Structures are given as C-alpha cells and as structure tokens.
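Enquirer: These are the residues of each chain, in order.
2 protein chains.
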Amino acid sequence: MRNAARPGAQALPLNHVIGDMAKIMSHRIAMDHPRFFGFIPSPVDENSFLGSMLTTMYNVGAGSWYQSSGASTVEDSLIKWFAEQAGLPPSSGGIFVSGGSVANLTAVVTARDAKLQFEQRPKAVIYISEQTHSSMAKGIVVAGFHRNQIRRVQCDSSYRIKPSSLRQQIESDRKNGLIPFMIAATCGLTNTGGIDDLNALADIAESENLWLHVDGAYGASILLSKTHKHCADGIVRADSLTWDAHKWLFQVYDCGLVLVRDKRNLIESFATGASYIRDADEASSEKVNFWNRGIEMSRPARGMKLWFTLQRLGLDKVSDMIDHGVDLAEFAELVFRGFENWEILSPAQLAILNFRYVPPISKPPSEGTDFDQFCDKINAEISRLAVERNIAAPLTTRITKVLNLRMCTVSPQLSRDQLLEVIKSLDSIAKEVSASFVKKRILKI
Amino acid sequence: MRNAARPGAQALPLNHVIGDMAKIMSHRIAMDHPRFFGFIPSPVDENSFLGSMLTTMYNVGAGSWYQSSGASTVEDSLIKWFAEQAGLPPSSGGIFVSGGSVANLTAVVTARDAKLQFEQRPKAVIYISEQTHSSMAKGIVVAGFHRNQIRRVQCDSSYRIKPSSLRQQIESDRKNGLIPFMIAATCGLTNTGGIDDLNALADIAESENLWLHVDGAYGASILLSKTHKHCADGIVRADSLTWDAHKWLFQVYDCGLVLVRDKRNLIESFATGASYIRDADEASSEKVNFWNRGIEMSRPARGMKLWFTLQRLGLDKVSDMIDHGVDLAEFAELVFRGFENWEILSPAQLAILNFRYVPPISKPPSEGTDFDQFCDKINAEISRLAVERNIAAPLTTRITKVLNLRMCTVSPQLSRDQLLEVIKSLDSIAKEVSASFVKKRILKI
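Residue numbers (our numbering), protein chains in the order written: chain A, 1 to 445; chain B, 1 to 445.
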C-alpha cells in the first residue's frame, strides 16, 4: 500500500483509483458502526453526508465576509443559536473549528489573553483533572505554558473534580505567589460520560475571578435533548465552551465548535489587524470575518453540513436521537446488573457505561498475581474476542486501578433488542474466557 | 437568511433544504473561477471533488493507526513523497492539516520546543518580514510569544528579506541579551509571488543555529513543476515547511501540509503520552498515529483527496497545470508592457503579477491630492468596475506605498486568449475611469 500511495507520471483510470481508494479505506475501524462502542463513536446521519458533499461542491472559503457572505451569515446565526441553547448571553459568539482539540486550544488562548498580563504568564496555573481529555493539556502546552503549570485536581468517587480540593489547591497556589486563571471543566467525560459539578466550579471561578472553560466536546449535545437537558445545569455560566458535532450530533469529520461568553475576547486574541477601530467594528458588525475569530485564515464552511442536518431532521427528532443513546446505556446497565458476575464500575451517564466481568471464584488460582490483575486479563480478552468475532467493540479503559470495559451507545441505529443480543454474547464470551483462564492457571500448577 | 438559519422543531423536505443551501451558497466569491485573480484563488480539479466526496463517505477518523491504518499509511507515504520533492532527508515527516495557518502554528511550536529551554522563551526572537503572511505572526502569538518578540526584517527592492539586514538584526538582538531562534522565510509571497533568498537565509540559520521555517503555503507547489522547480532552490535546507494543496494543487478546502526535517521534533512537541519509550517507538514505527504529530486528536483524512487527484492526473499533467499558471502571469506582464500607461510594480513571479494604471497626464488636475493618491483612486475603481461588470476580479493590494492591482493566474482553465481579452477590457475600463476622474476633478475647479 505504501508504494501504491506514491503518484506516478501518468494518469490512472478512474475505476482503478476508486478501487484503490476502496481497498485503502477498508483498513479502518467503522467508527459509525452501531456496535462500535469504543472511543466516542461517530454515528453519522445520512443528511450530514449530503450536506458535506454540497458544502464541498460549493467550496467556499469561509474565512471572510467578502469571500463568503452567505455561508458566513448562516454559520454565525447557527453559532448564536447554539450559544442560546447553552444559555449564553447575546454578547457571545464563536467559530466552527475542526474539532475539540482546536476548540480547547482556542479557549486556552482566549482565556490567557483575557485574564493575564503577558508578564504574569510564567506564574499562571490552570486547573484540570485526571479525567480531563488529553487535548486540554496539549492545548495548554501549545499555547505556551509549561506542563507544570497544569494542576490535576483530585476527583470524587464519581470521577468529577472535587470542589473542595480545587479550592484548597487554588489557595495553596496563591500562597505560593502563583496566579490561578482558568478552570477547565468537562461536560461529558470521555471515560465515564460524567459531568463536572459545573455550578460548584462556576461558584469558585466567580469568587476567584477565574475563566471557566467547559469542554463539552462530547456531552454538550445533551443540551438538545428535551428530556435530559438539565444534566448540563450550570453550563450557562461558562466563559467558553467546546462542542463537537462530529461526536453526538451525527456529523462527518470535521465539525467542532467553540463558543465564548463575549465574542470580543475571540477578536482580541485572533484578529490579525493592528487597528483597534477595525476590531471594534468587527465585533459589532453583522458582517463576520471568521478569520478574526480563530486560528485559521482559509477555512471551509464546516458548519453548513450541520445546518443542513438540523434543517432536515428537525429538533424534535434530534432530541429523540440523543435520548435514544442515553436510554441504551441505561438499558445496558440494567441488563448487566441482572446478570451474574458483572460489576458496574461507573453507572450509565450520557450514554456511557463502565463495567467488568468478575469470575465466580473466591481467589485467583495461581500464585504471583493478584485478583484484579487476573480480572484485567480476562476483561481485555473479552474485548479482544468480541472484536475478533465481529460481535461488537466495547474497548477497555481504566477509571480506577482496574481495567474495565466501556460502552458508548450513541448510535440511533442500534435497538434495545440488538444491544441485548450483544450483551448476551459478551456474557458467553466472558464465561468462556474465564473458564479457559482458570483452567490454564490450574493446569500450570 | 439569519432567521432561516435557525433550526425548527420539524423536519423540512429535502428539496427545500437543498434549495436553501443553493441560495445561501450563491452569496460568495467563486474562488475557483478562472477569472478570479484575487487572494490566492482556489481552482479546483474535478478529481478533488470526487476524492473529497469519497473520503467523506468513508469518514475515517484518521487520528490513530487503530482507527485508520489504511488512510494513515497512504497519508504517511504521501507525506514522505512530498518531503522528497522538497529534498528533505528520510528522517523527515509531517502531517496533513487544515491549511497554512495551522501548519505555520505547528512549525512555530515545534521550533520553539526544539530550540529553546522553557526559561529562554521570554527572551526569544523570531525573524519575519513585512511581506510575510499574517498567519505567521498569529501562529507566533498563539504559541505564547509577545508581538514584540517578532522582528520584521527589512526587504530588498524585490520585497524579499534582505540577508544583510537580517544579520545585523540578529547581531543587535544578541548584543541586547536576546535569543534569536527562528527565521520564517517565504516561498511564494502572497503579494508578489516572490521567494525569499532561501540559500542566503539558510546560511544565516546554519551559522547562527536558528530554525529555518519556509512558508510555502502557496509557492511550494512549484516543486512539482519540471520546468520551474529550480525557483525554490534552497528549500531543501528548511527545518520545516508549510505547503497548501488547496492553493496551487487544485484541492477543495481544506488540505494543508506541514513537513519537518526530523519527525521526532513533531512527536516531542505533540505526542500526548508521557512515556518517552512509547514516543520513541512512535518515531520508528510504520504504524503512524497522527494525533501524536499535531494539534488535532480526531481528524479527517485530508490527504486522501490529494492522493486521489495525483493518481488520477499523473505528475506530468500536474507539472503542466502549474507551468500554465506561471506562463499566464508572464504573458500578462508582456501584454501590459506593450500597452500604454500601465506600470509593472512587481514582475510575474510564480503566477502573480502586480501592476497599475497611470493616467497620461503630467500632474493631477485638482488641488490637495498628490499624484499617487489620485492613481490609487483610479486603480481601486478599475478593480471595482471589473468585478461589478463580471469581467474579472483583479483585487488591489499595496506592496509599495501606492495601491496596485494584482493578478494570481493559477487557473488551468484560463487560456492566453481569454486572459488577453480580460486585459483589453481592463485597459478600456482604465481609460474610462481615468477620463471620468480627470473630468470630475476639472469640473470641480
């Protein structure tokens, strides 16, 4: 495949190249498969394919009003609508970006410039937790901070930032002459689907004059669920918010969004012109130049496929599609709790469930390994076999010291019945693996 | 349009939404029109549309090998091939990004981490010129530097960084206890198509131990021209290189590339894992995880449409398509030089020409305005009318103190004959505008 990738002097026939493309692209994980439960899956609605195709065919350069007044108007209007869903005020604004990583980076740069004098930066500190997505730390380092300026605050038993620990840490940092300036909370932890206590963190941010960023790359979409919107209570108090549509809004890659409470902060950080007058114009004008609100100059109109999808589906349907994901994870939890030898490590939250199989033996049969390590091996093998046999892909992660299986059930195409079949199969595999492991160990003695 | 952008509760019919999309997208500049000469146009080859559409339909998450071994292999292989075209060694590597802005930012972060201790950053300085693309300064500031750490080195009469001035500036900065660490040169200035003297700058970079970045977002594509490849002599000495395929390689947005001489530098800056052992594995492995080489975690396989296009066209054709652009600008220069009252402000370079109309009068007819200001108004009006009458879009810029018209002639669909017709029309408009301006001024007296 490596050699075939290199272009030759002569043209190749269309069917040849399309055939090669098919072969190349077959080597992948189907992130959009209903039974792919790993990472955050990407179950794409067919309208996004069509919207994306049309956007591509028009191929507007959506960096400036002059190039793209139509798409820029619609993207800006859609951004305002998203901001309203989060409860942000009319001063808010944002930009469609390639995804959560760039959104988080954009937020860090904006917070940095809004909260710190340049000279203060070396003493600045940012608060995240062990559960915060790795793109947050990457964005902080890209924006010029040192890794040791990142504080990983202790979590509670639900893997959420512990407000009391955060307060203590801030106090201790201030005592040491450091300058706390930003809290990065999460709405929809990748590991567990959990949501930091946004109101508690907002209280702290308010009293300590810190920037509150909420990484809702995955979970902010819950705001479009009529039933579960309340889960994100407190998100209204964010100074900036990351929200990916290629996660739980059924879009093809790439379609991310960063919102800020006051769009002037974006313009102050990213407008390239030196003229303050023009920048002020920029904030008040309806004629948005997106290249003054983010990192990119040339940019595709990434929001248009999302606009197309929302128009085509209607919000009632979108709400149902999101609710379906929440329901599936809760259903899975119920089923596992009814089965023997399965342990729930983190209950269903925002369509994510963590669980593991614990074999029905009182202690491990072989020496030199403790019980949890033994279980780790069994659960890793369950995941491997489920993938190998094409049953489903629940991948593994660690939220505590033990390894667990994890399901993110956001596909609108998966039914409860199908999910029940998957869980039954996992249970069979678990019994098989467990028996085989116990036997192997015993035979070894 | 703003209200129509907001999603409603109910689904809208397909034809309705497609119709709205058409209306929205009609408000734009056709960056791909053969007679759009402004900015850097985006003349898209039809194979890129198809390649992009297929990439979208497969919708791989090309961040990691596990998600996307096929596309990752091909992208990595294509990156190596591009690095070879620039003469970079086998140690080189890179990543497809959304465009020049992110590529330049990626290069700044990589250079920063490769050349500076963290403590040295406040004293670090970077050298660019007045002609350097604005995304460079933006990337520097995003990466945590202050605007006053940017040195805008004086240019020669061809608007290229003056090596002697650069040497003096470096010497002076060192004397002041500052730490020079990076030169950002350009291959294909947006304004003039000019190329900095890469060998002279590389000599300085070498002797001063600085990182040499080359922003070839526009001009690096000349490396694929058999005839004009030599224009980019010295690019082989770059430590990092930006190269956009949605500019002069006929791709839809977005398709940019950043290359570095030693891919380990990318991994050291962007790999999220803490384990050095794993990072070392990452550099030697054929199993590339692109999320360890750039800012993004989730990323679409942006390089696949370019791969598709190159396979379909073949390199001989691509070379001809690039040469055609160079030829058109040289032809335009010849024609303008043959016409009366037109002045060439910067000769044809890499398919870009700068020129202006100078009315045949010895001095301005009205008081309170000098001759150049008078010419500025005339040339601005020529551009405006050419766009209004749908003849062509040569936009204006300033490379000296006077305003000039600028043509970037990269469209393979434009013939010499058609271009001649455009120039004749511009000449007619110029005469008309000039006569009207002279008359208005005279009547005022």
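These are calculated hints, taken from the structure and not from any lab test.
Here the structure is a predicted model, which means the values were calculated and not measured.
Treat the hints with caution; some may be incorrect.
Remember, identical chains collapse to one label, so a pair may be satisfied in a single copy or spanning two.
What the hints assert, rightly or not - Straight-line alpha carbon distances no greater than 27 Å define the calculated DSS-like cross-link-like pairs of lysine-lysine that follow:
#1 K123 to K317
#2 K424 to K317
#3 K23 to K317
#4 K317 to K162
#5 K287 to K80
#6 K23 to K80
#7 K80 to K431
#8 K440 to K401
#9 K80 to K377
#10 K287 to K23
#11 K115 to K401
#12 K123 to K440
#13 K123 to K23
#14 K401 to K377
#15 K287 to K377
#16 K115 to K80
#17 K23 to K431
#18 K287 to K229
#19 K23 to K424
#20 K317 to K431
#21 K115 to K23
Enquirer: Run every hint past the structure and note whether it holds.
Expert: To see whether the hints hold, each was checked on the structure:
no. : hint         : verdict
1   : K123 to K317 : neither (48 Å within a copy, 56 Å between copies)
2   : K424 to K317 : neither (30 Å within a copy, 57 Å between copies)
3   : K23 to K317  : between (35 Å within a copy, 25 Å between copies)
4   : K317 to K162 : neither (36 Å within a copy, 61 Å between copies)
5   : K287 to K80  : within (14 Å within a copy, 41 Å between copies)
6   : K23 to K80   : between (42 Å within a copy, 21 Å between copies)
7   : K80 to K431  : neither (52 Å within a copy, 47 Å between copies)
8   : K440 to K401 : within (25 Å within a copy, 83 Å between copies)
9   : K80 to K377  : neither (48 Å within a copy, 38 Å between copies)
10  : K287 to K23  : between (45 Å within a copy, 18 Å between copies)
11  : K115 to K401 : neither (37 Å within a copy, 38 Å between copies)
12  : K123 to K440 : neither (56 Å within a copy, 62 Å between copies)
13  : K123 to K23  : neither (52 Å within a copy, 51 Å between copies)
14  : K401 to K377 : within (13 Å within a copy, 72 Å between copies)
15  : K287 to K377 : between (58 Å within a copy, 24 Å between copies)
16  : K115 to K80  : within (24 Å within a copy, 42 Å between copies)
17  : K23 to K431  : neither (36 Å within a copy, 59 Å between copies)
18  : K287 to K229 : neither (32 Å within a copy, 41 Å between copies)
19  : K23 to K424  : neither (33 Å within a copy, 51 Å between copies)
20  : K317 to K431 : neither (39 Å within a copy, 60 Å between copies)
21  : K115 to K23  : neither (50 Å within a copy, 42 Å between copies)
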